[in-house]
Amino acid sequence: MSDLTKLTLKAALAGLKARDFSSVDITKAHIEAIEQARGLNAYVLETPDHALAMAAESDARLARGEGGALEGAPLGIKDLFCTEGVRSTAASKILGNFVPAYESTVTSQLWRDGAVMLGKLNLDEFAMGSSNETSAFGPVINPWRRSGSDAALTPGGSSGGSAAATAADLCLAATATDTGGSIRQPASFTGTVGIKPTYGRCSRWGIIAFASSLDQAGPIAKTVEDAAIMLRSMSGHDVKDSTSLPVEVPDFASYVGKSVKGLRIGVPKEYRVPGMPAEIEKLWADGIAWLKDAGCEIVEVSLPHTKYALPAYYIVAPAEASSNLARYDGMRYGLRAGGPSLTDVYEESRAQGFGEEVKRRILIGTYVLSAGYYDAYYLKAQKVRRRIADDFDQAWQTCDALLTPTAPSAAFALGEQSDDPIAMYLNDIFTVTTNLAGLPGLSLPAGRDAQGLPLGLQLIGRALDEGTLFSLAGALEKAAGFTAKADRWW
Amino acid sequence: MSEKSKLIQGRTGPWEIVLGLEIHAQVASNSKLFSGAAVGFGAGPNEQVALVDAAMPGMLPVINRHCVEQAVRAGLGLNAQINLWSRFDRKNYFYPDLPQGYQISQFKDPIVGEGVVEVERDDGTIFVVGVERLHLEQDAGKSIHDLDPNFTYVDLNRAGTALMEIVSKPDMRSSDEAASYVKKIRTILRYLGACDGDMEKGNLRADVNVSVRRPGAELGTRCEIKNVNSYRYIQQAIEYEARRQIEILEDGGSIHQETRLFDPTKIETRSMRSKEEAHDYRYFPDPDLLPLVLDPAWVQSIKDSLPELPDPKRKRFESQYGLSHYDAGVLVADQARAAFYEQAAAGRDAKLVANWTVNNLLGRLAENGGDIETSPIPPEDIAGLVKLIEDGVISSKIAKEVFDHMWAGEGTPAQVVEKFGLVQITDTGAIEASIDKIMAANPDKVEAAKERPQALGWFVGQVMRDTGGKANPAAVNEILKVKLGL
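Protein chains in written order, with our numbering: chain U, 1 to 490; chain V, 1 to 486.
Just so you know, these hints were derived from the structure itself, not from any lab. Don't take each hint at face value.
[Unchecked claim] Straight-line distance between alpha carbons at most 25 Å, and here's what the computed DSS-like set of lysine-lysine pairs gives: (1) LYS380/U - LYS91/V; (2) LYS226/V - LYS383/U; (3) LYS184/V - LYS380/U.
[Stated by the list, open to error] Beyond 10 Å from chain V on every Cβ pair, some chain U residues (computed): (4) ALA90; (5) ILE207; (6) VAL239; (7) LYS240; (8) ARG264; (9) PRO311; (10) GLU320; (11) SER323; (12) ARG332; (13) ASP420.
[Stated by the list, open to error] Chain U regions said to be covered by chain V (calculated; three or more residues, Cβ under 8 Å): (14) 116 to 127; (15) 146 to 156; (16) 194 to 206; (17) 269 to 279; (18) 443 to 457.
The beta carbon of each residue, even a glycine, is placed where N, CA and C say it ideally should be.
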């Protein structure tokens, strides 16, 4: 029955509903696959007993002809989502064995719709990273390898566990979060589909905060339609999150397969960065051609403030993080270290509990908010943010969506960029703009590089217009015909 | 009080104190500013703590509409600008009773802007204090240092409770003025129901900014005295601090801006931290919260529902009831007093009711450490007492005796009069008999009174004594005049 793990979410849901197999069957298949794939380090916590109990309940509901939109489907949960009674760590030592007494809104909606939790997925510590190497549990290994090489590659980050688990069939789909590209870049590196919806589409309640004004949950899935099915369950207004949008949740999957004829696709010239691999240039050109073939009109657009996006992001995100992470002080939960004095406890708990990248960002954030620097950094960055949003508003005058590469490279080797924070930060160059502007961005696999590694294209849409992105992504998915899977070596 | 007498005499000449206050008033609310946790006095430690109050990972604040309404009410009560767009900021610092590692406050864009408050000094003269702003913020929890020699305990019940911080302009010039200003703010907030004003529980407390200068000179360097929670302490802290600063300046030193603590047992202020040690709070807009946008129609509806405030009420008491400025002031100082008074005064001699309420009832209550809420005498009994006087059933003198019985809980005025036989003698026969007896016994005084009508008073006094005070004084006067041929 191990074939069950190869199913798409959509196919699995149909099979479950038709009682071709049970939720326990497909859950067991995934549990076995996870056990065999421990070398990937995708899960930081496997919850097989929990999963089987949930699966049995799903089967009972299915037997009664009941069941929600995700009934019986086994999923992986990024360990940034607090799960009631199940250890939640943000891949940080500072949370230790923290077990929340509450369930995040997004995951509670998944369980409401009948999904099954397989376990908690690895990530960069507090979602800060682009390679999953900052995790206190060690990096996730990308199931993909360069042809003819067994060098371990990064699955990207921060949602590296979510992307790798989905790519390696260790779950039907996974939850993820995206603050500057943490859903889309890993999706691009692993041949999976990921969407960061409009800011406010998914509740942040119960998701461990990195940068509140940028953080947004979304799914990583095997297909565009699977991502749409997941996003529908994850979305919705939540009165517990003041920044959650009071809007209806569309049936996103209904947009997949819709004609894209007549849609105007913007190609932003500023995204042609120097040093971008020719393969990515070509992929982008392919994407443009495919959409043209599908009846889209291609227009060149300008987003003149793009070059300031990354610096602005690396001011705003650390500023918010420095404050959001102040609560990890060794007082109420998680790691507590140090001597008899209060200052000792603060210093030692935080010194031992946080990893290097998190400390770097707390320091940057503390610095840019300091008296005398606030105006020059934080305030300036907020102004840049406004300009970037204005750029997009301007673009929407002439186009309905944008097409860009997702990341400036394919998956790189573990250790390759970890000594160079700036090189690492450049991974987000095409993705941070949408976080700064609060817009939806979707990455889908569209081709492979010369070494056989997957490459992604990104679609960016108007606020709350995920529907158009799903239609366009559906068209691209069909045209690209990307069906490759990583050869199983683990 | 003249301008001059507010000055402090130093060794080298006169000094002027300049005072600005930051009043922290706990918003009267059943739940906290950003969580549904209960607010209340007397719960066990850490029993009133929501997940967000304990800063559990991933928890988010949601603004409490009721607290916003109270802040708007307070702003309107202070004749202040209501800002339809305001925003919450994070004030970052580490302390164990601050679980988030930041206090959610309003730094740059407060909900209420400038206003003015008229305050009366003890001598009845008026001064005006400008209100710089009023903003909403979270209170911190409580650190308990004295339960254990080695550990500090933290109680988060108060963490996240809504406070209004009311910042004055440096418009006060004496400790008396500062105390009067706090009293006035407290009265207004209590009228509005925005804060219960309970200073003993710390529900209203002040940070006092003190500086001194030569009269007419530029503002001096200020020191801030934190968390003073009684009128007396506010006055003591200011007096001490001003003297301290004057001494330093007169010795040729200079004042360093710093935060100080008031020690009520030693009656002195002590340095807490200097400007150099001051925290860099790294304020920035809280990204978990949207800007607070108020609907002007909602603000108007709050304005329309405000109760009558102390200043207009006082003016009304003066004009409607003919009360003295002083009596009206005493009565409106507390909403319950004013309501008591108006209930008692209905249909009665309003000035007489004010006399009895202010001089007798409130006086007696104050002697016993109480106020109108604890009065053993209900307003209808004050009304009853005044009616007995009006009807001539008892004299004012007897009324005092009746009042004592009422205070002792011995019944309504009518019952007391009945029980103790205190009915006034209006029977002219009895009065005449008494007068005749006294005149017969004092022929010399009778002669004298005929020469000098002022001596009439002596006879009145004798008659009153003879009748045990029960004789109607008006009747006594009248009969005496006839009998003495005046």
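Given coverage of the stretch 194 to 206 of chain U by chain V, checked by CB-CB distance under 8 Å (3 or more): Holds: 3 residues of the stretch 194 to 206 of chain U have a Cβ under 8 Å from chain V.
Against the 25 Å threshold, does the CA-CA distance of LYS226/V and LYS383/U hold or violate the hint? violated (37 Å)
Grab the minimum beta-carbon distance between ILE207/U and chain V and tell me whether it stays above 10 Å. Its Cβ does come within 10 Å of chain V, the nearest being 5 Å, so this is violated.
According to the definition I'm using, a residue is off the interface if its beta carbon is farther than 10 Å from all beta carbons of the partner; does LYS240/U meet that for chain V? violated (6 Å)
Assertion that chain V covers the stretch 116 to 127 of chain U - criterion: three or more residues, beta-carbon distance below 8 Å: violated (count 0)
Run the C-beta distances from VAL239/U to all of chain V and say if the shortest one exceeds 10 Å. violated (7 Å)
Is the claim that PRO311/U lies outside the interface with chain V correct, judged by CB distances over 10 Å? holds (17 Å)
Would you say ARG332/U is clear of chain V, with no C-beta pair closer than or equal to 10 Å? Nearest chain V Cβ is 6 Å from ARG332/U, so the label is violated.
Within 8 Å of chain V's CB atoms, at least three CB atoms from the stretch 146 to 156 of chain U: coverage verdict: That given contact is violated, which follows from only 0 residues of the stretch 146 to 156 of chain U lying within Cβ reach (below 8 Å) of chain V.
Over 10 Å to the closest beta carbon of chain V is the bar; see if SER323/U clears it. violated (5 Å)
Claimed clearance of chain V by ARG264/U, with the beta carbon kept past 10 Å: holds (32 Å)
Find the nearest Cβ of chain V to the Cβ of GLU320/U and say whether that gap is larger than 10 Å. The claim breaks: GLU320/U does not keep its Cβ more than 10 Å from every Cβ of chain V (closest is about 5 Å).
Hint compliance for this structure: hints 2, 3, 4, 5, 6, 7, 10, 11, 12, 14, 15, 17, 18 are broken, all remaining hints hold.
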